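For reference, the chains in residue letters:
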Amino acid sequence: MNVAVAKVESDSTTFNIEAIRREFPILNEASEKNSVHFLDSGASAQKPDYVLKKMDEMYRTGYANVHRGAYTLSQLATDAYEGARKTVATFLNAESVDEIIFTRSATGAINLVAGSFGRAFLEKGDEIIISEMEHHANIVPWQLLGEATGSKLKVVPVDQDGNISIDTFQSMLTNKTKLVAVTHMSNVLGTIVPVRQIVELAHANGTAVMIDGAQGVVHSKVDVQELGADFYVFTGHKLYGPSGVGVLYGKKELLNKMPPYEGGGDMIEIVTFEKSTYRDAPTKFEAGTPPIVESVGLAAAIEYIENIGQDNIEIHEDNLLKFATSELQKIPGLSIFGLSERKAGIISFNVEGIHSHDLSTILDSRGVSIRAGHHCAQPLMKKMGVEATARASLGLYNNKEDIVALAEGIKFAKEILT
Amino acid sequence: MNVAVAKVESDSTTFNIEAIRREFPILNEASEKNSVHFLDSGASAQKPDYVLKKMDEMYRTGYANVHRGAYTLSQLATDAYEGARKTVATFLNAESVDEIIFTRSATGAINLVAGSFGRAFLEKGDEIIISEMEHHANIVPWQLLGEATGSKLKVVPVDQDGNISIDTFQSMLTNKTKLVAVTHMSNVLGTIVPVRQIVELAHANGTAVMIDGAQGVVHSKVDVQELGADFYVFTGHKLYGPSGVGVLYGKKELLNKMPPYEGGGDMIEIVTFEKSTYRDAPTKFEAGTPPIVESVGLAAAIEYIENIGQDNIEIHEDNLLKFATSELQKIPGLSIFGLSERKAGIISFNVEGIHSHDLSTILDSRGVSIRAGHHCAQPLMKKMGVEATARASLGLYNNKEDIVALAEGIKFAKEILT
Amino acid sequence: MSVDDLRELYQEVILDHNKNPRNYGELSDASYTADGNNPLCGDRLTVYLKLDDNELVNEVAFTGKGCAISIASASMMTTVVKGKTVKQVNDLFDKFHKLCTGESDEAELDEFEDEIAKLRVMSGVRQFPMRVKCATLSWHAVEAAINKKDTATTE
Amino acid sequence: MSVDDLRELYQEVILDHNKNPRNYGELSDASYTADGNNPLCGDRLTVYLKLDDNELVNEVAFTGKGCAISIASASMMTTVVKGKTVKQVNDLFDKFHKLCTGESDEAELDEFEDEIAKLRVMSGVRQFPMRVKCATLSWHAVEAAINKKDTATTE
Ligand SMILES: Cc1ncc(COP(=O)(O)O)c(C=O)c1O
Ligand SMILES: Cc1ncc(COP(=O)(O)O)c(C=O)c1O
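Residue numbers (this note's numbering), protein chains in the order written: chain A, 1 to 418; chain B, 1 to 418; chain C, 1 to 155; chain D, 1 to 155.
Each hint should be verified, as a subset may be incorrect.
[Claimed, not checked] In silico DSS-like cross-links for lysine-lysine, where the CA-CA straight-line distance does not exceed 25 Å:
no. : chain 1 : residue 1 : chain 2 : residue 2
1   : B       : K275      : A       : K152
2   : B       : K411      : C       : K87
3   : C       : K87       : C       : K19
[What the hints assert, rightly or not] Computed far set for chain C versus chain B, every beta-carbon distance over 10 Å:
no. : residue
4   : T101
5   : E103
6   : D110
7   : F112
[To be verified] Covered stretches of chain A, as calculated for chain D (at least 3 residues, CB under 8 Å):
no. : region
8   : 113-122
9   : 372-383
No lab work stands behind these hints: they were computed from the structure. Because the structure is a prediction, the values reported are computed rather than measured. Glycine residues also receive a C-beta, built at the ideal position from the N, C-alpha and C atoms.
Given the sequences, and given the hints that come with them, work out the whole structure.
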């Protein structure tokens, strides 16, 4: 395993992990209080200097509200904001820039689909299929929708290894299935879900598909045209961008058929007290002042990772995941949840006799940040028969030392607690 | 007028306009492209260095996702985020910190009230009263709610000077009036609405009240307990804070009776596929990763203006408004919209024979940024019989030179266009 | 952006068209009408079209309110689309749009040489990207009308 | 946060209570029960209470899963609330909470002197603000039970 990691580090001139680490200020502020072995990127990633500077600069030299002013600063801000939309569209290979809607987060994007598409097109008795390993963000909005419309949730089970059965999924599709909403990648198990196949089967059934790409987009290249999904959502802060911004990709035709979700400035055409008319997507879905600088920051993050190369990042993380898996498996009493053939930079595990919360506290004392808990996936926890797990999740800036520190820290925790 | 301005500037040792201007980086980046006479703060304000540094610093030294980690960085971020909530609560003099919900913007906050309070408690035939000078953000959400529930919109007219008649308002209250939603301050006319009186009358009628404070909170001290409104909303970017964050204040009792608006992580108590239960406010209304750094930035902005003193800002802006009004009134053919006795830092106007768009372009060439258009208040434009107006809006950093440049620019536009 | 750019934008011809717009007014017997609407500034124009038996633009007129750029551009538009086929109007709009955004330059000589020569006076908007929408508003409307849509919305 | 802080948090007494929790199990004839729920980490406890005729806590027990801190704290809680009145339990919780957050210190001598002396071993959580919720989870539940609520949720 060591060899593989060493290989990518020496092979690729573009991927120099030490140089990359230097570009993330927080990793270098090695105070006693701050963790330098940051293994919670799955919750939220750290930001490169490049992104922070872009945002700061915009506020200092080119900030004003967008779309509304006929003066230079507003034009600069509008160009930056609409330029960010273009960057996202190119990143996802969307057919049109109009298919990109900036939201407040992935959660905001999923709720938009539920509130607009869901309330407009789903009726009592209609069905939505999700998987058993969804994040709460891809469960609760459909439950709220169910309360409003009478639609029902059907759940594809997850097996021992953390995979869903495509056959089972297919057998659950009926003429009442109006939407399939599944994660691209599990935030607990790391499983990469075969979303392409799911889209094909759903479409053959006349069913629309939304993919929750909050984790997926971080760890693999996404091409929405190739994927064919009707909606794809992700969140900026996990992709090395700022908090406060997310993205909803939607097929233009579909978006233009959908009613507005929220009302306010900019999204309207003509407002009278009797009746208002709305503009086309994406504007129709961006009521009020959008997350202007946040969108520009997200675009900068995309530029940053594209500059490193998504393939390079994938290889690096893959090697690191293999190394981490083998290091952790050496620890007696440690069991890993999620052993799919297709998984990416996330490892959930528990250590016999040690609650993940205690483990996290002890690791923290050694500068190792991991997450402990249910990871906003309580139904999956229940299925796995646990209350909580420990989770280490990788970012492009992690290195072998981080993994070694994790393994050593776990051993130390065993000493203290047992 | 000159005297009055000079007076406040020399009187108050805390309010030194030149020192303040130096704290706003964008005002000092006097490149050819950038306006230095920024008179569009009503659309979005510029940010002081203090706010920018706070946000940048958080990303560099204390960033992680909030509420979810048992490690130090997450604790630091959570403390900063919850500390921001406390700052906002104190700023508004809320009874409890649990009454402060961070949203994506004022628009997001109003839609939350419409989607949660509105959908839960309004029925067919119920009435919502708004005023004729509302921003689209406080019109369209109620129209969307009306489509969903059958509730109706009633509109208090605005008179010549830009005031609403309290008698008329009172006469419109019926036993079907379930909500009054009015602006604290008109973003077109500058009128300060007598919201205290409105709350009293509405409450005497058993009607809940939401105040749109997007402009109001910027120009006057707000005390929600004294005001008594059930909801008060505002937006960060107009209050010298970042884009991507807004605030909903709501009375705790009421918030806890309301159903969730959006679903996702953090806002839940227990999730099963059969049924989920939700936490209390504010968490119930903050689904998913919130605008973490943006909220901290907003709190920094509040600290900044509190440090200068809201009273000092009010006096400064008031003097400047009087100066601007008298300067503009000297220009032949210029007419001002909105002449309420109680108005704050906004002047809308038109110049005979010159469309505001052309005026804005010409002013921009002289470094003066104003806004031209309908200002997201089409119904008010219709009432005033115009398609658009020019609008100069003041921030705490504006000075007399900005006003002089505006007046000179208007004269120049007349030369060019007539 | 300089004062020269401004003078280039607000040329005499444009100010004249703004003050004395050609073909201003309703056409009661129009074959097609469409509204042009710029939701961000509130400008609204209505364009009226009459086609003859050969589907050529026979008469064209407009009403509405807007800035000097949109009114002048609408006025000039009415003077150049008369006698054109539907396809020609679409093509001409395409060329005019490029002229306003700076995508095409003056050198292009083709079937619309004369029309473009007339319209070239609008090319000052290149320096003012926020105003391109103003210059093209009436064109969006005429395109909508000729393609039998009710409304055109620019951003 | 140092290794000393850690050792202070995970003292022998705590590890012992975690491994051998006192009064663990259901009380089938409980007067009141309540769930304690930490939605952020998924820890859940149930507390069972029996009051005698004088409204004193007669028996108390708990079940559930959680981290060492929450289990140990629950176990210790059951050993100190027995024999107390409703008001005394509320007061004791208040004092314990202050102990965990560092608001009160060791010097306080009052009616709960003995109990606080026992519970003081938990005060290591002061250095770990994220873990205060763990230490107080069972207390929130017992407070809910005694005040006749079903559930307590900590953040
Ligand atoms: C799979 C998945 N979906 C959705 C989300 C929600 O993202 P956000 O909290 O940014 O809305 C997350 C992260 O928390 C996630 O991991
Ligand atoms: C009175 C008023 N209400 C609401 C808003 C909406 O604010 P935002 O766009 O930040 O949601 C604005 C500003 O655009 C406003 O002026």
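For each hint, the structure was consulted:
1. K275/B - K152/A: Status holds; Cα separation ~12 Å.
2. K411/B - K87/C: 44 Å, violated
3. K87/C - K19/C: With Cα atoms ~30 Å apart, K87/C and K19/C exceed 25 Å; violated.
4. T101: 17 Å, holds
5. E103: 21 Å, holds
6. D110: 31 Å, holds
7. F112: Since the minimum Cβ distance to chain B is about 28 Å, F112/C lies beyond 10 Å and the statement holds.
8. 113-122: violated (count 0)
9. 372-383: Satisfied; 5 residues make the cut.
Consistency with the previously given hints fails for numbers 2, 3 and 8, ordered from lowest to highest.
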